[in-house]
Amino acid sequence: GNSVTQMEGPVTLSEEAFLTINCTYTATGYPSLFWYVQYPGEGLQLLLKATKADDKGSNKGFEATYRKETTSFHLEKGSVQVSDSAVYFCALSDLQAGKSTFGDGTTLTVKP
Amino acid sequence: DTGVSQDPRHKITKRGQNVTFRCDPISEHNRLYWYRQTLGQGPEFLTYFQNEAQLEKSRLLSDRFSAERPKGSFSTLEIQRTEQGDSAMYLCASNREGAGYTFGSGTRLTVV
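First to last, the protein sequences are chains A and B. According to my numbering, the residues represented by the first sequence are 1 to 112, in order. According to my numbering, the residues represented by the second sequence are 1 to 112, in order.
For the record, the hints were derived by calculation from the structure and aren't laboratory data. Predicted model, so just to flag it, every value in this text is computed and none were measured. C-beta atoms are modelled at their ideal positions from N, C-alpha and C, and glycine is treated no differently. Hints may be right or wrong, so weigh each one.
Facing chain A, a subset of chain B residues (Cβ under 8 Å, in silico) [unchecked claim]:
# : residue
1 : R31
2 : P43
3 : G98
4 : Y101
From just these sequences and the hints, can you work out the full model?
Structure, rendered in structure tokens:
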């Protein structure tokens, strides 16, 4: 079956540091890949997505590239801010099946 | 667009009681999903609907769980004879096929 593995957290960075959160997946077929973010006290919200190999999703300064050869979708940001402190979830969606499979989340804390 | 609404936000119930949760999706979205999330874990798939048809139900879901989506609009999730292991955040999400999810804020269930 489908699965998503995220790097374990928590991750603590200083403001303006470079961020990478690793995500690898196992899937049959050609899934779409997503990053969701959950800010403190809020619900999950879609951050970015990519639907096919070599696509790059981007939003709010975050980027992730769909790498089929390494089955990865790592999240990156060049300069994090305190307001980026949140839990980040990687997910894949099999369009045939409809449902999504989520990783266990990575908690990011950015200190001023 | 008022987003995905879930009701109630919190529910405390005694073991053995039945509970029902409601989800109102974004009106243009034909797909509706129920997930369960426990602390430190990613959302776990329960079931999903395309319009009024329930297309998949997780094998992890016992017969005590049932969901409906009459007329393809709002959905209800009922848990009969609740157990302490049912304590979790129950998340509803909706989308159009191929798009990322819009999540509701969730219903936090505590079984005492």
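Comparing the hints with the structure gives:
1. Here the hint on R31 (chain B) is kept, as its CB sits about 7 Å from the closest CB of chain A, short of 8 Å.
2. The interface hint given for P43 (chain B) is met, as the beta carbon of that residue sits about 5 Å from the closest beta carbon of chain A, less than 8 Å.
3. A hinted interface residue such as G98 (chain B) counts as satisfied when its beta carbon comes closer than 8 Å to some beta carbon of chain A; here the least separation is about 6 Å, so the hint holds.
4. Evaluation of the Y101 (chain B) hint against chain A yields a held restraint, the C-beta minimum of about 7 Å falling below 8 Å.
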